[in-house]
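Engineer: Quick note, the sequences are listed as chains A and B, same order.
In this text, residue positions in the first sequence follow numbering that gives the first Met the number 0: the first is 0, and each later residue adds one.
In this text, residue positions in the second sequence follow numbering that gives the first Met the number 0: the first is 0, and each later residue adds one.
I should point out that these hints are in silico values taken from the structure, not numbers from a laboratory.
The structure displayed is predicted, hence computed values, not measured ones.
No residue lacks a Cβ here, since even glycine has one placed at the ideal position from N, Cα and C.
Take these hints with a grain of salt, some might be off.
Said to hold, decoys possible - Quick list of simulated restraints, FRET-style, between CB atoms: (1) A/12 to B/104: 18 to 24 Å; (2) A/260 to B/27: 33 to 39 Å; (3) B/11 to A/27: 42 to 48 Å.
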Amino acid sequence: MRRFFVLFKKEFLQIKRNSFLPKLIIIFPIVIMMLMPLVMTMDVKNVNIAVVDLDRSTASHRIASHIEASEYLTLATVTAEFPLAMEALEQGAVDVIVQIPDNYERDMMGGPTEKISITANAVNATKGGMGMQYVVQTIARTLTELRGEKMPVEVSELVTIENRYNPTLNYRHYMIPALMIILFILVCGFLPALSIVGEKEAGTIEQINVTPVSRLTFTLGKLVPYWLIGLFVLTIAMVVAWLVYGLTPAGSVGLIYLGAALFILVISGFSLTIANFSETMQQSMFVMFFFIMLFMLMSGLLTPIDSMPLWAQRFTIILPPRYFIDILRSVYLKGTTFMDMWQNFAALGIFAVVFNTLATLTYKKQA
Amino acid sequence: MYTIEVDNLKKCYGEVQALDGVSFRVHHGELFGLIGPDGAGKTTLFRLLTTLIKPDSGEAKVDGLDIVADYHAIRSRVGYMPGRFSLYPDLSVEENLNFFAALFGVRVEESYELIEPIYKQIEPFRKRRAGKLSGGMKQKLALSCALIHRPSVLFLDEPTTGVDAVSRSEFWDMLAGLKERGITILVSTPYMDEASRCDRIALCNEGHILGIDTPTGIVQQFNAPLYAIRSKRTFALLEAAREQQGVVQCYPFGECHHLVATEEFDKRLFVEALGDFEDLEIEPTEPTIEDVFIKLMRR
Numbered sequence: 000m001r002r003f004f005v006l007f008k009k010e011f012l013q014i015k016r017n018s019f020l021p022k023l024i025i026i027f028p029i030v031i032m033m034l035m036p037l038v039m040t041m042d043v044k045n046v047n048i049a050v051v052d053l054d055r056s057t058a059s060h061r062i063a064s065h066i067e068a069s070e071y072l073t074l075a076t077v078t079a080e081f082p083l084a085m086e087a088l089e090q091g092a093v094d095v096i097v098q099i100p101d102n103y104e105r106d107m108m109g110g111p112t113e114k115i116s117i118t119a120n121a122v123n124a125t126k127g128g129m130g131m132q133y134v135v136q137t138i139a140r141t142l143t144e145l146r147g148e149k150m151p152v153e154v155s156e157l158v159t160i161e162n163r164y165n166p167t168l169n170y171r172h173y174m175i176p177a178l179m180i181i182l183f184i185l186v187c188g189f190l191p192a193l194s195i196v197g198e199k200e201a202g203t204i205e206q207i208n209v210t211p212v213s214r215l216t217f218t219l220g221k222l223v224p225y226w227l228i229g230l231f232v233l234t235i236a237m238v239v240a241w242l243v244y245g246l247t248p249a250g251s252v253g254l255i256y257l258g259a260a261l262f263i264l265v266i267s268g269f270s271l272t273i274a275n276f277s278e279t280m281q282q283s284m285f286v287m288f289f290f291i292m293l294f295m296l297m298s299g300l301l302t303p304i305d306s307m308p309l310w311a312q313r314f315t316i317i318l319p320p321r322y323f324i325d326i327l328r329s330v331y332l333k334g335t336t337f338m339d340m341w342q343n344f345a346a347l348g349i350f351a352v353v354f355n356t357l358a359t360l361t362y363k364k365q366a
Numbered sequence: 000m001y002t003i004e005v006d007n008l009k010k011c012y013g014e015v016q017a018l019d020g021v022s023f024r025v026h027h028g029e030l031f032g033l034i035g036p037d038g039a040g041k042t043t044l045f046r047l048l049t050t051l052i053k054p055d056s057g058e059a060k061v062d063g064l065d066i067v068a069d070y071h072a073i074r075s076r077v078g079y080m081p082g083r084f085s086l087y088p089d090l091s092v093e094e095n096l097n098f099f100a101a102l103f104g105v106r107v108e109e110s111y112e113l114i115e116p117i118y119k120q121i122e123p124f125r126k127r128r129a130g131k132l133s134g135g136m137k138q139k140l141a142l143s144c145a146l147i148h149r150p151s152v153l154f155l156d157e158p159t160t161g162v163d164a165v166s167r168s169e170f171w172d173m174l175a176g177l178k179e180r181g182i183t184i185l186v187s188t189p190y191m192d193e194a195s196r197c198d199r200i201a202l203c204n205e206g207h208i209l210g211i212d213t214p215t216g217i218v219q220q221f222n223a224p225l226y227a228i229r230s231k232r233t234f235a236l237l238e239a240a241r242e243q244q245g246v247v248q249c250y251p252f253g254e255c256h257h258l259v260a261t262e263e264f265d266k267r268l269f270v271e272a273l274g275d276f277e278d279l280e281i282e283p284t285e286p287t288i289e290d291v292f293i294k295l296m297r298r
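Here chain A stands alone, though its shape is the one from the complex (with noise of 0.2 Å):
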């Protein structure tokens, strides 16, 4: 007990000493917290609309404006050519070009009419798409509108659209957990197997290993630093999301330490056994970067699982931080409770048994 206390000890002084790592730990979360959800945005904004309006009458000036007037399109012009038009999609000064064909007006308060087709750029997808979606439902509103006012008929709305636990769609809100489990992947995943490699390269561990220190104290050493570390990281990134976003958990914030106190020993003791298997910081480092891609896109954390093929929805299984983000999205989000997600909670506490007896099984203190 006495000789982890002396080790713990050691590696804070070590970190203290440290020129650099004391203020990676505080500033990198704020900044990760405060510039990252600003940027990783899937709100598609200023999408630019051509309108190619052969009808000229009152319907097509009403969609042109409810274009306008829309807070995700900007019409970037009008014109009476579908070539024009085009060329400027072909420009990119363009996303999407509506087209209303001659008589629409009055072809649509009976008889066959001609449809208004629309065309997007769909080099960017997600901008393609969403913007093709938006034009949509702004011409929709449109005509519901115009048909209304036409036949003096109720025409009730057709659906309403209720989004429940992020009213407003907020990307953000989705996003910031996401970002918290990225720093703790980051700080808890590279530290203490940099800290490892780092005893090899400079020849300290030679002299540990001829100690008598057992490889169980050895191991919590280097792990239970980086456990406080990681909830330190866990309060500031907590406390600037309320701060900057008036983010809080829905549920209980005791759940969240708790899933992320599992989720830290189980990436720092993924991170040690890296470390005994590597001899230089190059090695781990690209060894760490191969896992770290397969975590960030792989378990849910910037693209949903569901849309996944199903080999790779099931080889998610795998993958620790998968359960983490439902654990932190359903509490911050949903208010989730304890009993709703023991399975995600058990999943991660397994994770942590198994890569921590992996770490000091692992580490030799003879060759």
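Based on these hints, arrange chain B on the given structure of chain A.
Structural biologist: Same frame as chain A, now just chain B:
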């Protein structure tokens, strides 16, 4: 009773046979030196005896304990100072000492009188970071840390490499002091001149031990006439001397060349045969350990 017993120890790294059947014994309280150039296998031997690596074959006992079976028990009985400075450069002198004391489960005060003669010299700098110490001070700190748990055996891997001549001499004085306290010391060095400070030495080369004896005993093994020859035309002299009759070996040795001769060697005939080296000096000289080493390596 031997404190270190090494029996036909072998270790290879891939294709390289670092140790190829090494055997020797070290008495209790002896200062035993391993003398040999880089790549002789000295560090491998230390890493085996301090249980950091396992041998491929052969046996070794330290303080009566087997290096494979009882490796855990050995660790609290030996002090190891690796060739490369491997204390924490970002911790202070004092913090390093306290840290290693705690890892061995002892208090600095308990061993203070043992390390005092060494530690006293760096104590004024106890708040300084270990990485900022001079070479000689680093070495003293490393020795203090290796002694903190009162080991019965001390393993010192090239402790004087990269240290100035005065500090080197001081260091050997310190080892003599520790020896008097009954600590068995195994020390390696590439410097032949330091060999005379040991009780016994083993000459090693390429994973083999060439000979074991006291420093004077080793020198006595050299039983051929030895001359020192010199001239301004150093290299030409070396080439020419090697061609002469009765010359077994001729090699550069400091500012002159050493010439190993046969019993029939005649100095006067040699000078005549050598020809136009007008500033040639030739005189008999006493063999050193290095001469023995070169002779043994040739065999």
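Engineer: Evaluate each hint against the coordinates.
Structural biologist: Hints, verified against the model:
1. Distance hint for residue 12 of chain A and residue 104 of chain B: a CB-CB separation of about 20 Å, consistent with the stated range 18 to 24 Å.
2. Roughly 53 Å separates the CB atoms of residue 260 of chain A and residue 27 of chain B, a value that falls outside the hinted 33 to 39 Å.
3. The hinted window of 42 to 48 Å between residue 11 of chain B and residue 27 of chain A holds, with their beta carbons roughly 46 Å apart.
Consistency with the previously given hints fails for number 2 only.
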